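Chains as they are written, first to last, in my numbering: chain U, 1 to 363; chain F, 1 to 462.
These are calculated hints, taken from the structure and not from any lab test. Any given hint could be a false lead.
List of simulated lysine to aspartate or glutamate pairs, DMTMM-like, C-alpha gap at most 20 Å [as the list claims (entries may be wrong)]:
1. F:Lys444 / F:Glu392
2. U:Lys131 / F:Asp341
3. U:Lys298 / F:Asp412
4. U:Lys298 / F:Asp341
5. U:Lys9 / F:Glu277
6. F:Lys268 / U:Glu218
7. U:Lys298 / F:Asp256
8. U:Lys331 / U:Glu182
9. F:Lys363 / F:Asp412
Here are the simulated distance ranges between beta carbons [as the list claims (entries may be wrong)]:
10. U:Ile74 / F:Ala372: 52 to 62 Å
11. U:Leu215 / F:Ala372: 40 to 50 Å
12. U:Leu240 / F:Ala324: 53 to 63 Å
13. U:Ala281 / F:Lys300: 22 to 32 Å
14. F:Ala324 / U:Gly239: 55 to 65 Å
15. U:Arg136 / F:Ala325: 39 to 49 Å
16. F:Lys300 / U:Leu154: 47 to 57 Å
17. F:Gly328 / U:Ser295: 39 to 49 Å
18. F:Pro274 / U:Leu240: 48 to 58 Å
19. F:Asn438 / U:Ala285: 33 to 43 Å
20. U:Gly13 / F:Val419: 44 to 54 Å
21. U:Arg72 / F:Gly63: 24 to 34 Å
22. U:Arg69 / F:Phe199: 31 to 41 Å
Note that the structure is a prediction, hence the values are computed from the model and not measured. The beta carbon of each residue, even a glycine, is placed where N, CA and C say it ideally should be.
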Amino acid sequence: MAKRVGVDKWLYGVTVLLVFMGLLMVFSASAVMAEDRYGSPYFFVSRQIGWAVLGLVTMTLLMRIDYRRFNRPIVVFPAVAVTTLLLLGVFLLRDSHNTHRWIRFGGSSFQPSEIAKPVLVLFLAWFLQDKLHAIRDWRTTVLPAALPSLLFVLLIVKEPDLGTALVCAAVTVLMFYLAGVELKYLGYAVLAAVPVLYILLFRVPWRRARMLAFLNPEADPQGSGFHTIQSLIAVGTGGLHGLGFMEGRQKLFYLPQPHTDFIFANIAEELGLIGGLAIIALFVALGFRGLRAASLSKDVFARFLAFGITATILIQAFFNISVVLALLPTKGITLPFISYGGTSLFITMASIGVLLSLTREID
Amino acid sequence: MERMELKGKKVLVVGLGKSGLAAALFLRRRGAQVTVSDLRSAQALSKEIPSLLEAGIVVEAGGHGLLTFRRQDLIVVSPGVPLSTPELVQVRRLGLPIIGELELAARFLKGKVLAITGSNGKTTTTTLSGEIFSAAGLNPLVAGNIGLPVIDVVDQSTEAGWSVLEVSSFQLETTESFHPHVAVILNITPDHLDRHGTFENYVAMKEKIFANQTGEDYLILNGDDPVAQQAAGRTKSQVLWFSRSKIVRCGAFLLDGMVMFRPTEQGKPIPVLPLAEIPLKGEHNIENVLAAVCAACVAKIPTQTIAQTIAAFQAVEHRLEFVAAIHGVDYYNDSKATNVDATAKAIASFPGNIHLILGGKDKNSDYSQLNALLRARVKAVYTIGSAAEKIESQISGVTRIIHTGTLEAAVDQAAGQAVAGDVVLLAPACSSFDQFENYEQRGKVFKQAVLARQGAGVWQSA
Chain U
1 MAKRVGVDKW
11 LYGVTVLLVF
21 MGLLMVFSAS
31 AVMAEDRYGS
41 PYFFVSRQIG
51 WAVLGLVTMT
61 LLMRIDYRRF
71 NRPIVVFPAV
81 AVTTLLLLGV
91 FLLRDSHNTH
101 RWIRFGGSSF
111 QPSEIAKPVL
121 VLFLAWFLQD
131 KLHAIRDWRT
141 TVLPAALPSL
151 LFVLLIVKEP
161 DLGTALVCAA
171 VTVLMFYLAG
181 VELKYLGYAV
191 LAAVPVLYIL
201 LFRVPWRRAR
211 MLAFLNPEAD
221 PQGSGFHTIQ
231 SLIAVGTGGL
241 HGLGFMEGRQ
251 KLFYLPQPHT
261 DFIFANIAEE
271 LGLIGGLAII
281 ALFVALGFRG
291 LRAASLSKDV
301 FARFLAFGIT
311 ATILIQAFFN
321 ISVVLALLPT
331 KGITLPFISY
341 GGTSLFITMA
351 SIGVLLSLTR
361 EID
Chain F
1 MERMELKGKK
11 VLVVGLGKSG
21 LAAALFLRRR
31 GAQVTVSDLR
41 SAQALSKEIP
51 SLLEAGIVVE
61 AGGHGLLTFR
71 RQDLIVVSPG
81 VPLSTPELVQ
91 VRRLGLPIIG
101 ELELAARFLK
111 GKVLAITGSN
121 GKTTTTTLSG
131 EIFSAAGLNP
141 LVAGNIGLPV
151 IDVVDQSTEA
161 GWSVLEVSSF
171 QLETTESFHP
181 HVAVILNITP
191 DHLDRHGTFE
201 NYVAMKEKIF
211 ANQTGEDYLI
221 LNGDDPVAQQ
231 AAGRTKSQVL
241 WFSRSKIVRC
251 GAFLLDGMVM
261 FRPTEQGKPI
271 PVLPLAEIPL
281 KGEHNIENVL
291 AAVCAACVAK
301 IPTQTIAQTI
311 AAFQAVEHRL
321 EFVAAIHGVD
331 YYNDSKATNV
341 DATAKAIASF
351 PGNIHLILGG
361 KDKNSDYSQL
371 NALLRARVKA
381 VYTIGSAAEK
391 IESQISGVTR
401 IIHTGTLEAA
411 VDQAAGQAVA
421 GDVVLLAPAC
431 SSFDQFENYE
441 QRGKVFKQAV
451 LARQGAGVWQ
461 SA
């Protein structure tokens, strides 16, 4: 019965724990580099703490707001429109690292593609809730539902941020599957994506290099294979117990981006297999509580929302850790909650706030 | 509403259910020459026949005579009789007027009508609405599918009064001039498919509830039910919505743990009562409460009266009715769950650890629709009645299945398997007619079997 029984304390606890672990590891991974480049070991972690506090406040606020307030066209359409504009906006602005991922204002910057993920989940949950009876009708249901996803994915691929685009595509496919779209349509979509992916992966020179490096990192250990090899060295060095907090060596200018995309390698090196498994266990717990909320929720919108939010986080964690372990080619997906990156941390925590809000009515 | 002269008219009543009987006696009181015809034998009808004969009604039992249907001015059909009965098809071809008991009553009923239909939750919503209208001093006549035929309250109706009616799709099938001031469609899910044929037909049947409504009238629809939403485009009346998941343009919804009502699209939402004060168990009951709130607000009943009545409302017998707690096991009677959807809703009312009693007379249902819920929340299924084999084959492998045959054996087995914290639930997804007279009797047998165990429990612990 939809009585208010309080938020899911497990979910709340796991989230806070993940964020806390993230702050520790960001500090450990970035301190030396930050000292070297910016003159202060706290350069990265202080910024990350700022975002974490803001994220925690926002999460707690959203948790107290009835999620039904988002189940309105007056919320959904502006959200999709603003995200589209922001995604277009990045092309008009200065580029950083030869990419168009960030929008800057004042001293800070943020990444519109991070917003695209929850907005996509919100749109799909809102759109699909009333279409379940007509889910076989691709003209009125599947196609209009897929349009914003296609738009977002195209714009994000163009940034270029293939990793986030793939996350968006995967979440869309999973939500369609949950809605009961016939598997043959999902099959067509995957088939259609194969040639596009082939071109993106093998015809774009630097991605081609990454792909080849993934298949055989030793071919060019000082060049394109460097990431993968250094990451594996870090994970292997950690052994069972790890070298100890702050004791990692790979972050000392061997492993590129030890505080963002490859932070899990640093975790494995310093905290060992046990630490790595603990982080994975936290994600599994989060996934379990999220999917539980999705399956026990009373209305369709809440179910889609809970599933989408949980799936987005799990997919990213899965891809990120797989890249670190050289099971997938390097892609540029961050580890949710843990990796350095303000927008990602803030948006992920805000999504968890919405997820917590809808757990209030589950007993 | 269109009145009709009955004096001296020759009227045939087909089917002697509760409402058929009431209709025959009503027609006779109005001076018609009444004949009744029923397929059941004179013995089976021994209770009804004397009162009919006494009133001067001609009774035909044990089948419909061909000539009985000739030379009648009007034919009144009971809700239990399919319009595809050969005699009726033939008569319809001859152009004779065929109406149902509800239509007959509608032509004579005075005052405003609140009519409630839907696949599930009709009785609860009707009872609750009736109580709210009573608390507000409107003295409503509560009747319909709920047990008291509408025709029985016609004589008490006044121009200024309200009638609160539960109407089924069977009853709507034979209406022409039925015109409720406020119509509620709770939900539309496949049920009674064995009679209405296709789902679309069934939807069209339900939509007859607002066929005669005008811009002065109100139609209350379920914002979470996509099928009901299609109805909004086909009505002239003012539409109000109720929804558990959306903030509706106008109507009743949930927000921040409160039941809210927004009277118009421009209006501000008014808080009605906290969600926690709704005493009814089960998700679907929230919908029923929201629908009743809409209907009461349309009738300009103060929100305070609505809130107080809802908070004091008790569940209706056989609808997710709490029976007893024995050794920490809760027993619930949902004998009214005579279709798969109602059973799904009953299961969804509990978070898990359910021992579910399924079975009875099959209604061409697809029990595999329950599989996801069974897997997630049901520890074991106990099958009874003639549908047992079909159910077992359709849900096999999903959860533990124990074939028990009879309801009493099912209660025994379930009580033996259940541990503290579990729920034993009778929500059989089938009609009762193979082993019982009706669902009410099935519910009573269940309750007796449970309460007998309570006695045993006391005996054991003493």
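A quick look at each hint next to the structure:
1. F:Lys444 / F:Glu392: It is violated: about 25 Å lies between the C-alpha atoms, which goes past 20 Å.
2. U:Lys131 / F:Asp341: At roughly 19 Å apart (the allowed maximum being 20 Å), F:Asp341 and U:Lys131 satisfy the hint.
3. U:Lys298 / F:Asp412: violated (32 Å)
4. U:Lys298 / F:Asp341: Between U:Lys298 and F:Asp341 the Cα gap is close to 15 Å, so the pair holds against 20 Å.
5. U:Lys9 / F:Glu277: violated (24 Å)
6. F:Lys268 / U:Glu218: violated (68 Å)
7. U:Lys298 / F:Asp256: Holds - the C-alpha atoms of F:Asp256 and U:Lys298 are around 15 Å apart, at most 20 Å.
8. U:Lys331 / U:Glu182: With Cα atoms ~30 Å apart, U:Lys331 and U:Glu182 exceed 20 Å; violated.
9. F:Lys363 / F:Asp412: Given that 20 Å is the threshold and the Cα spacing comes to 26 Å, the pair is violated.
10. U:Ile74 / F:Ala372: 52 to 62 Å: Since U:Ile74 and F:Ala372 have Cβ atoms about 33 Å apart, the given range 52 to 62 Å is violated.
11. U:Leu215 / F:Ala372: 40 to 50 Å: Holds: the Cβ-Cβ distance is about 41 Å, inside 40 to 50 Å.
12. U:Leu240 / F:Ala324: 53 to 63 Å: Given a distance of about 55 Å, which is inside 53 to 63 Å, the answer is holds.
13. U:Ala281 / F:Lys300: 22 to 32 Å: violated (58 Å)
14. F:Ala324 / U:Gly239: 55 to 65 Å: Holds, at about 60 Å.
15. U:Arg136 / F:Ala325: 39 to 49 Å: holds (45 Å)
16. F:Lys300 / U:Leu154: 47 to 57 Å: holds (54 Å)
17. F:Gly328 / U:Ser295: 39 to 49 Å: Between F:Gly328 and U:Ser295, where Cβ atoms are some 25 Å apart, the hint is violated.
18. F:Pro274 / U:Leu240: 48 to 58 Å: holds (53 Å)
19. F:Asn438 / U:Ala285: 33 to 43 Å: violated (49 Å)
20. U:Gly13 / F:Val419: 44 to 54 Å: Between U:Gly13 and F:Val419, where Cβ atoms are some 29 Å apart, the hint is violated.
21. U:Arg72 / F:Gly63: 24 to 34 Å: With a Cβ separation near 59 Å, U:Arg72 and F:Gly63 fall outside 24 to 34 Å, so the hint is violated.
22. U:Arg69 / F:Phe199: 31 to 41 Å: holds (34 Å)
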